[in-house]
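J.: Residues per chain are reported as follows:
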Amino acid sequence: MTGFDRRELLLTALAGSSSMLLPGCSQTNAGFTGELLSPSLDVGHRIRDGDLPEPAVTNWQESGVVIVGGGISGLAAAWRLHHAGVDNFTLLELETVIGGTSRCGQSRVSGYPWGAHYVPVPRADNRALWRLLDEMGVAAQNAQGVYSAHEHILCREPHERLFVQGHWAEGLYPHSVATDEDLRQWTSFQERIAHWIDWRDARGTPAFTIPLAGCSADEAVIGLDEVSMGDWMRREGWDSVPLFWWVDYCCRDDYGLTIEQTSAWAGLFYFASRRENSNSVSPGVLTWPEGNGRIVRHLSRVLGSRVNTGQAVLSIQQSDDQTGRVRIVVLDRETKQVRGIRAQQVIFAAPQFLARYLILNRPAGRVADSDQFQYGAWVGANVHLSDRPQEPDFPLSWDNVIHDSPSLGYVVATHQQGIDHGPTVWTWYLPLCDDQPSDARRKLLDLTWEHWAEIVITDLERAHPDARDLVTRVDVMRWGHAMIQARPGFIWSRSRQRAATAEGAIHFAGTDLSGIALMEEAFYHGIRAAEEVLTVRDALFSSFL
Amino acid sequence: MNRAPLFLFYLNVLIIATCGLIYELLAGTLASYLLGDSVTQFSLVIGIYLSALGVGAWLSSFVEEKLARCFIEIELAVALVGGTSAPLLFLAFGYIDWFRPLLYGLVFLIGVLVGLELPLLMRLLKEHVDFSDLVSRVLTFDYIGALLAALLFPILLVPHLGLVRTSLIFGIINALVGLWGTHLLRPLLSPKGLGGLRGRAMLVVGLLVTGIIKADAITTVAEENQLAGTVVHAESSPYQRIVIAENNTGIQLFLNGQLQFNSADEYRYHEALVHPAVASCRNARRILVLGGGDGLAVREILRYATVESVTLVDLDPAMTSLADRFPPLAELTGNALRDSRVTVINQDAFLWIDKDTARFDAVIIDFPDPGSYSVGKLYTSYFFSRLRQRLAPQGVVTIQCSSPLVSPKSYWCVINTLEKSGFRVRPFQATVPTFGVWGFALAAVEDLPSIPQLSPQVSQQLKFLDQRVLDDLFIMPRDLSHVETEINRLNNQVLVRYYDREWSRWQ
Ligand SMILES: Cc1cc2nc3c(=O)[nH]c(=O)nc-3n(C[C@H](O)[C@H](O)[C@H](O)COP(=O)(O)OP(=O)(O)OC[C@H]3O[C@@H](n4cnc5c(N)ncnc54)[C@H](O)[C@@H]3O)c2cc1C
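If you read the sequences in order, they're chains D and W. Following the numbering used here, the numbering of the first sequence begins with 1 at its first residue and continues without gaps. Following the numbering used here, the numbering of the second sequence begins with 546 at its first residue and continues without gaps.
Don't read these hints as lab results, they were simulated from the structure. Heads up, some of the hints might be wrong.
Every beta carbon over 12 Å from chain W, so not counted as near; a handful from chain D, in silico [claimed, not checked]:
{"no.": "1", "residue": "THR309"}
{"no.": "2", "residue": "GLN337"}
{"no.": "3", "residue": "PRO392"}
{"no.": "4", "residue": "SER438"}
Pair ranges (Cβ atoms, derived) [what the hints assert, rightly or not]:
{"no.": "5", "chain 1": "D", "residue 1": "SER148", "chain 2": "W", "residue 2": "ARG883", "range": "45 to 55 Å"}
{"no.": "6", "chain 1": "D", "residue 1": "ARG127", "chain 2": "W", "residue 2": "ARG883", "range": "57 to 67 Å"}
{"no.": "7", "chain 1": "D", "residue 1": "THR33", "chain 2": "W", "residue 2": "PRO646", "range": "46 to 56 Å"}
None of these values were measured; they are calculated from a predicted model. Built from N, CA and C at the ideal position, the CB exists for glycine as well.
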């Protein structure tokens, strides 16, 4: 409906080159403040640039297992070791805040996420995840042993709404602009998804399931990984604009990629992996005010002092003697002290692109494999409001999406608590879908807080003309390597599959090993890596998986 | 026509587009204000308006000659219909039974007229401008106009002018544009009848200006009509619009246009709501009231000498202090909320229920009907299971649950949800002339609550209940018998959907 105002200019600036900076739009010193944040770029860049010459380490400690990285995958690995009775491990996290891309923040009004904010209700066979939810006190088993989640963590209705043609309407498909033909294509698309939900290969393995390791490797399915979602859909005979908009939205939301950049296999995975069969109803999602930060909080509480933040791992070196000990050099960011740890095993739960810089003397093949991993950049902003905007349409929902916006809209932190009046926090997301992720990262760093705040507010003003006056604070998080990208060919590549296998005494975890950024995948790889370690250590255990 | 007037034509397009969207927004807002259920109202209004635009555009192909004149006539018609739409609808709401047809008819008519305008204007200009330029410019200004309207409406117009004035002012702007059109399009208009056209334009302007002068009177008459009485008190809180009206039956309280009580028969409702629970307690000492900010339920509770404390949790401080600003309410409640035994907490009960740790002998739930998600959450299995934590071991609850006759699914959904949440429930009903047959439930956790016995000390103070009448409340006639429903949960809120569907049948 609009096309001529500032926000459009700002957002096209984003789509264009980073040199197209926006002079004169830093007059945002209106009624709000905020901060520009990012994961520790300084340390990261210095590790990358080899700027941290390995100091002579005089202080060496011994440890059984060292876990590098305190995102969901590292925490899950630690949690698994803990439940196997292995106590002799330590988890090292670079940041002063635990949680990686699932970290959260807290204001007087509410906790809020910085990245991951929900988990779909797991399928019954995801036993490990149900076990965790049970331990968190948010799920229980019935007499037949079937798990279900407690009501207060199932996303409260109204779940989602879309701002299209000047109005908010329930759901995310833009019904108000759909013709009969659009609706026919929508139904036909849903039928195709149902086909893939029910599809089984000769061994009875489903085409799509979570964790992704359980998916069929049948040619008929993995061939879909060779084409983009857009190409595949056109090949299937669909061309409906609202349908393409909706699928594009879903791809950007889950993968940070457009419909033309996402692998068709990944696109279908999103739609078809969550239900056991096409007759079952959509199971809904689990969420907390602080998003998946709640899971992080729980795991850190269970793990206690074995979780160490502010610990930058500078290098990891396989043993070169008969002790078989891996040598890890760690910088304590507060004391600036460097120390060494000799560990029997290492679980590398940081993203693969860092393996190249952190693990010394890797075989060339392994480096080449890690180099195949590409990551997209995202911006997440937490917008603090003194009150809700006035609006007459379908009411504020958990997820609020604006049609015709490059952003993904916002989720409302107070929603799940049932706080329907007064101050709130909205988490706004923008994936930067440039063809070259490095372009996106440059943009991310070029723009100032004023720019980002203006981009966020003007985007919200599309749907809430009175938003600016209600905003008290805008904090902007720049995620340079936010998510692994499921571009065509990557998920079913040998490189991805090899990267998950152990390299000497180093085992790998991390959601990127699935080619998809999901809590469940990070969790799975954490448990899998920990159980590999348990096997090597001859521990007695029965698998959680 | 040269360049300069062309720009003026685009300005014309802009104004037409702005006015058009304003009328649509007005109709949507007014409909949700008067009829409630903003989701349905807005989607209907938008749907009808958009389709009418299409009809208008199609009709324009039948206009073959006198394009300019036709264009101006239509402009004046839009001015008149659109400009008077809000005052007309406000007034009509109190008087006529076929309000919905009128509302949607008006929206359709405005849509058709606005839909006629653009194609006509484009045809008028097509000789003078390159066609692709024309289309792009006209659409551009059309969309800018829409944006302007969308921004002006919530920020400036509604808060500062109100609906009636906004409607009239945009009508005037529209008519002035028509008048101005008689100059702009002068070369295309035959001199014959030009005077008459201008005269009509002046007349429309004059009519609408009179409307503005009388706007205040219109709004009061309208609100009063709607309320079937004279408005004696009105205020807006951050949560709702509070209006008290008076007529020869008594005073009535309206929240967001919905009748809460009529002083003539509210005692029937409140006696039925309160006494079954409080009389059930062997020793009713600590009582909790959820909702009920008017204080009428508390008045009933204070009749029991055993009661030591009453905690009332209501979202809106403007409601719980209303009696201070409107003395007749204080009189009606016997100044109940100022009693030393009463503590008022202004908080969303959904949040309070988790924070407090006290336990109560009886809980009286008097929330508004579940017409929105923010109220619907208070009737969920989650809320009821938290409620159990606030109950003393032998504690009893009564809850109002809408009309079992008008909205059986809604009523039984509350009952079924209570049962699913571990309560033993006795449904009951009372007739309150203002509302019709009204539904309640008596619930307890351990055993099914027995039918309560009124003490003579209380019974003699009541106007509606005695033991025989109380016993009868628990007889559910056949047409109010049990129906199966889904359970109302936070993650489905089926109750809001049931309620919406059932009540819209009756309106
Ligand atoms: C904006 C955004 C939204 C998302 N939303 C969702 C969602 O709603 N649901 C969902 O399931 N998933 C979501 N995700 C995906 C999310 O990434 C995964 O769910 C999961 O949290 C990934 O965990 P991980 O452990 O694999 O990786 P990470 O979270 O990246 O953790 C890796 C950790 O390693 C640490 N590290 C790196 N280098 C070193 C070093 N040298 N020394 C020590 N530590 C180091 C990092 O600081 C980091 O904490 C989202 C992601 C983003 C960016």
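J.: All hints, please: hold or fail.
T.: For each hint, the structure was consulted:
no. : hint                            : verdict
1   : THR309                          : 31 Å, holds
2   : GLN337                          : 44 Å, holds
3   : PRO392                          : 5 Å, violated
4   : SER438                          : 36 Å, holds
5   : D:SER148 - W:ARG883: 45 to 55 Å : 47 Å, holds
6   : D:ARG127 - W:ARG883: 57 to 67 Å : 59 Å, holds
7   : D:THR33 - W:PRO646: 46 to 56 Å  : 53 Å, holds
Figure legend: structure checked against the earlier numbered hints; the only hint not met is number 3.
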